[in-house]
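A.B. asks: Quick mapping for you: the protein sequence lines, in order, are chains A and B.
To get the working numbering, take the position in the first sequence, counting from 1, and add 6.
To get the working numbering, take the position in the second sequence, counting from 1, and add 22.
To be clear, the hints were calculated from the coordinates, so they are not data collected in a lab.
Any given hint might turn out to be false.
Keeping only pairs whose Cα atoms sit at most 27 Å apart, straight-line, the calculated DSSO-like set for lysine-lysine is [unchecked claim]:
#	chain 1	residue 1	chain 2	residue 2
1	A	K70	A	K448
2	A	K448	A	K424
3	B	K519	A	K288
4	B	K333	B	K229
5	B	K407	A	K179
6	A	K398	B	K352
7	A	K39	B	K333
8	B	K407	B	K36
9	B	K229	A	K325
10	B	K39	B	K333
11	B	K348	A	K70
12	B	K432	B	K406
13	A	K325	B	K232
14	A	K179	A	K203
15	B	K407	B	K432
16	B	K333	B	K164
17	A	K70	B	K352
18	B	K525	A	K288
19	B	K406	B	K39
20	B	K333	B	K205
21	B	K519	A	K325
22	B	K333	A	K179
23	B	K334	A	K39
24	B	K205	B	K164
25	B	K205	B	K229
26	B	K348	A	K408
27	B	K164	B	K334
28	A	K39	B	K164
29	A	K408	A	K398
30	B	K352	A	K408
31	B	K205	B	K334
32	B	K348	A	K398
33	A	K70	A	K398
34	B	K432	A	K179
35	B	K229	A	K179
36	A	K325	B	K205
37	B	K39	B	K164
38	B	K333	B	K348
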Amino acid sequence: MRYLPKSPSERREMLEAIGVQSVNELFESIPEKFRLRAPLALPAALSEPEIIQYFQARAAENSKGYTSFLGAGVYSHVRSVVTDALVQRGEFLTSYTPYQAEFAQGTLTAIFEFQTLMCQLTGQEVANASMYDGSTALTEAVLMAERITGRHRVLVGRSVHPEYRHVLQTYAKNLGMQIEEIGYTESGQLDRAALKKESLEQAAAIVVQSPNFFGVIEEIAALAEAAHRSGALLVTGIAEAVSLGIVRPPAEADIVAMEGQSFGISPSYGGPYVGVIATRDKFVRQMPGRLAGQTTDAEGRRGFVLTLATREQHIRREKATSNICTNEALFALVATIHLSLLGKEGLREQALQNLAKARFAQAELETIPGVRRVFSGPSFNEFVLEFPRSVKMVNQDLLREKIIGPFALGTHYPELTKRALVCVTETTPRAEIERLAAATRKILERPV
Amino acid sequence: MSYKSTEIESPVGKILKAREHVSQNEGLIFEKSAPGKRGMELPPLDVPVLDASKALGKEFTRDAVEGFPEVSEIEVIRHFTRLSTWNYAIDLGMYPLGSCTMKYNPRVNEFVARLEGLATEHPEQPAEVSQGCLRILYDLQKCLLSITGMDAATLQPVAGAQGELTGLLMIRAYLQSQGNPRKTVLIPDSAHGTNPASVVIAGYEVKNIKSNARGQIDTDHLREFCTDDVAALMLTNPSTLGVFEERIAEIATILHERGALLYMDGANMNALAGVTRPGDFGVDVMHLNLHKTFSTPHGGGGPGAGPVLVKKGLEPFLPVPVVVQKEDGKFALDHSRPQSIGRVRAYCGNFGVLLRALAYILAYGPGIRQATEDAVLNSNYIRKKLEGVFDLPYNLPSMHEVVFSDARQKKHGVSTMDIAKRLIDYGFHPYTTAFPLIVPGAMMIEPTESESREECDFFIEAMRSIAAEAETNPELVKTAPHSTRIGRLDEVAAARKPVLRWKPEEGGSR
Chain A
7 MRYLPKSPSE
17 RREMLEAIGV
27 QSVNELFESI
37 PEKFRLRAPL
47 ALPAALSEPE
57 IIQYFQARAA
67 ENSKGYTSFL
77 GAGVYSHVRS
87 VVTDALVQRG
97 EFLTSYTPYQ
107 AEFAQGTLTA
117 IFEFQTLMCQ
127 LTGQEVANAS
137 MYDGSTALTE
147 AVLMAERITG
157 RHRVLVGRSV
167 HPEYRHVLQT
177 YAKNLGMQIE
187 EIGYTESGQL
197 DRAALKKESL
207 EQAAAIVVQS
217 PNFFGVIEEI
227 AALAEAAHRS
237 GALLVTGIAE
247 AVSLGIVRPP
257 AEADIVAMEG
267 QSFGISPSYG
277 GPYVGVIATR
287 DKFVRQMPGR
297 LAGQTTDAEG
307 RRGFVLTLAT
317 REQHIRREKA
327 TSNICTNEAL
337 FALVATIHLS
347 LLGKEGLREQ
357 ALQNLAKARF
367 AQAELETIPG
377 VRRVFSGPSF
387 NEFVLEFPRS
397 VKMVNQDLLR
407 EKIIGPFALG
417 THYPELTKRA
427 LVCVTETTPR
437 AEIERLAAAT
447 RKILERPV
Chain B
23 MSYKSTEIES
33 PVGKILKARE
43 HVSQNEGLIF
53 EKSAPGKRGM
63 ELPPLDVPVL
73 DASKALGKEF
83 TRDAVEGFPE
93 VSEIEVIRHF
103 TRLSTWNYAI
113 DLGMYPLGSC
123 TMKYNPRVNE
133 FVARLEGLAT
143 EHPEQPAEVS
153 QGCLRILYDL
163 QKCLLSITGM
173 DAATLQPVAG
183 AQGELTGLLM
193 IRAYLQSQGN
203 PRKTVLIPDS
213 AHGTNPASVV
223 IAGYEVKNIK
233 SNARGQIDTD
243 HLREFCTDDV
253 AALMLTNPST
263 LGVFEERIAE
273 IATILHERGA
283 LLYMDGANMN
293 ALAGVTRPGD
303 FGVDVMHLNL
313 HKTFSTPHGG
323 GGPGAGPVLV
333 KKGLEPFLPV
343 PVVVQKEDGK
353 FALDHSRPQS
363 IGRVRAYCGN
373 FGVLLRALAY
383 ILAYGPGIRQ
393 ATEDAVLNSN
403 YIRKKLEGVF
413 DLPYNLPSMH
423 EVVFSDARQK
433 KHGVSTMDIA
443 KRLIDYGFHP
453 YTTAFPLIVP
463 GAMMIEPTES
473 ESREECDFFI
483 EAMRSIAAEA
493 ETNPELVKTA
503 PHSTRIGRLD
513 EVAAARKPVL
523 RWKPEEGGSR
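Let's have the full structure, built from the sequences with the hints guiding it.
C.D. replies: The structure is reproduced here in structure tokens:
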């Protein structure tokens, strides 16, 4: 087998050196009745070309050749071949968690850079590296707010990504937390009038997402003020991180939980992505996840180490701030390289392109009879449209035109059937936007 | 053949493995920044330009991100390439970190994970255009069930620790459906730290149980501890000592008689694949670490994947969605499962990691047993050659890893950490230090199957040489490493006054 570096005679000689006749003797500590006698029922071994063939065949069964208008938490953005070339260097790809700092300064330095970039983007003072993704980062941010405030009620906007809320519920179920959902207004923003005083006074946090699941930007400063007045924290989720190129960062929030997939990470059918938690310095000891810190060696040379580990499970066990161990370090590196390439101007330009294209698409689609915009609040690269008929049915027809239509909000919001969440990024050519508009118009003109 | 130019003198003769190399200095990316540079250009905008503050309102917009880097493409290439040379990696040599299973990460797995049609797929796209992704998940599930002998699987958890939590939540839901979720989970003192941390999030109390003199579960002790309050025992098998629980059947029976379940932490599955199946020896719920046994790259800390496998009775409680094959042969995601514990992560988990694991399994087929045999062979070979040089606190048959202690070297003031750091000078990554907790001064060595006899011999030679140095020149070992670009770092200072981000005014020296 090509991955195994031993010849039959080397194996024999090693067995002799150990002092056993056969390799089976090395497994005698397993009770005999549990030792397998027959080979495992697995497909026969494949050579490298056959493995590639298998996966190419699977790729051909997916959406190659289709244009997609899906966002809803996962976004198609530009990626540079440089990022992929660098991240595939074995020294990054095949190294372990940098516990042996002298031998892992490459990873540690990049992590420190990642933490810095995330602080600059979010307007927060400290950021970790990393959480699994946006959904678990948001959940861990809520648990963190609970630890900080000692309160157990959480007020979560219904405009937060439904799957993020679902993960939060799964985690919170057995921890004595009460989750109260807060509705949205006609602007698509969290309904501040629905924040009841008695709830706020027991609340660990108000939890919002901005841009929210409807693509609408929330009023972070006002929400933070409402939370702080009652001793609660404001937790802000961000699913579309490219927005931070032009959208005001949630600096007033106490904890920011971000999905970094938009920074050079391919959609890859749901993962791996990279989650981030950013917060204020004063909360750092309640933070989950790894942190790299700057220090020096005996000769005063700058270096980086994993630090404040007394928060973590391998030291604190059941008293740790989280059970997280393996994280998404390689994708934190992808984001770091990607953002270094894109730079200050590039990120701003990218964000502006998203805004311009989304507005263009919205205007094009709104000219179709019966199609209208639903929410009045400011939106970035996603917007909600009302269709005169079921979005799922329209999408079925669009699929025949090799278009993956917008996300059908009725899936998660019973009151929003016939509402479609359209996403357009800088990677969507104008011609494809026009093709979507023309196809949708044709479909809606046809009698049901 | 002469190796003269690459030899290093050592107390045990000439050593072939390592030699010093130029290491380039490099500042932080922010320190290379200058206004107006960029490393990436976008195609021109093909729709009318908008003014952000007019389109969104001034209160919702920002200026350019303060402090963000501005560098060219070649600077980015050099910066990260230079940083990469400061790392050690599996691609450079043996990485004998016990419990971490640092094996070769096949390159074809990287290639297929990046294919158009796989890397490009959106998790919310309709099943009609996701049949390839769904089949990959389905095929992987089938393979993992075959390897473990379990009945049903979820691929959603994205790390071992998340797998633990998922498994525990399923145990809770299962017991709840029987009328009582119970209160405590038993954990041996040799367990990974994630085990107790996960137990707490699942709403259980941790009860630690002591290992016996042989480092194994004391079954009398277990009987005593296994009250009606106990939901499960979380067991790592082979244990973190690299030893198979010889009384595993009895352990399962004790638990089952009390209505409790056996959870297996599959972190050490690399010792078992193709040789024995947890489903056959009484395990009810387990997780696998695909970034260990199934070769997906650790990437400096992640990503991973922690699929959970269960027996039939727990199937209704799997997280949603579940990948299913319909009667017409098509694949689908089943969301309507009323007894499900819910979701532990958005979408279908770390698909990119899952498909790499499938590529690994496809490369071996049933021959995966050979990998297991080689892993156990390597660890026993190293054990044999280092016995007598280092103290072996538990003289039990080793599987994929062997745990020594620093008891002999301690007499000269040299600790496991010192020896680990000195290994760096010999061209190896250190083994795992100070774990498991039941071995004072532990030196936990897991070579994996990826090491040739030659690499194992180099490692043995290095360890013998360091043991000799500990006697003749302990200072040399205690101040190691001597070959890295920086020495041991001041971790106390890092934690006392944390500097966790770069700032222009305190950028520091290069």
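A.B. asks: Compare the structure with each hint and give your call.
C.D. replies: Comparing the hints with the structure gives:
no. : hint            : in the structure
1   : A/K70 x A/K448  : holds (24 Å)
2   : A/K448 x A/K424 : holds (17 Å)
3   : B/K519 x A/K288 : holds (12 Å)
4   : B/K333 x B/K229 : holds (24 Å)
5   : B/K407 x A/K179 : violated (52 Å)
6   : A/K398 x B/K352 : holds (20 Å)
7   : A/K39 x B/K333  : holds (20 Å)
8   : B/K407 x B/K36  : holds (18 Å)
9   : B/K229 x A/K325 : holds (13 Å)
10  : B/K39 x B/K333  : violated (47 Å)
11  : B/K348 x A/K70  : holds (23 Å)
12  : B/K432 x B/K406 : holds (21 Å)
13  : A/K325 x B/K232 : holds (19 Å)
14  : A/K179 x A/K203 : holds (24 Å)
15  : B/K407 x B/K432 : holds (20 Å)
16  : B/K333 x B/K164 : holds (14 Å)
17  : A/K70 x B/K352  : holds (18 Å)
18  : B/K525 x A/K288 : holds (18 Å)
19  : B/K406 x B/K39  : holds (21 Å)
20  : B/K333 x B/K205 : holds (22 Å)
21  : B/K519 x A/K325 : holds (23 Å)
22  : B/K333 x A/K179 : holds (24 Å)
23  : B/K334 x A/K39  : holds (22 Å)
24  : B/K205 x B/K164 : violated (33 Å)
25  : B/K205 x B/K229 : holds (10 Å)
26  : B/K348 x A/K408 : holds (24 Å)
27  : B/K164 x B/K334 : holds (14 Å)
28  : A/K39 x B/K164  : holds (24 Å)
29  : A/K408 x A/K398 : holds (15 Å)
30  : B/K352 x A/K408 : holds (20 Å)
31  : B/K205 x B/K334 : holds (23 Å)
32  : B/K348 x A/K398 : holds (21 Å)
33  : A/K70 x A/K398  : holds (21 Å)
34  : B/K432 x A/K179 : violated (48 Å)
35  : B/K229 x A/K179 : holds (22 Å)
36  : A/K325 x B/K205 : holds (17 Å)
37  : B/K39 x B/K164  : violated (42 Å)
38  : B/K333 x B/K348 : holds (21 Å)
Consistency note: the structure conflicts with the earlier hints numbered 5, 10, 24, 34, 37.
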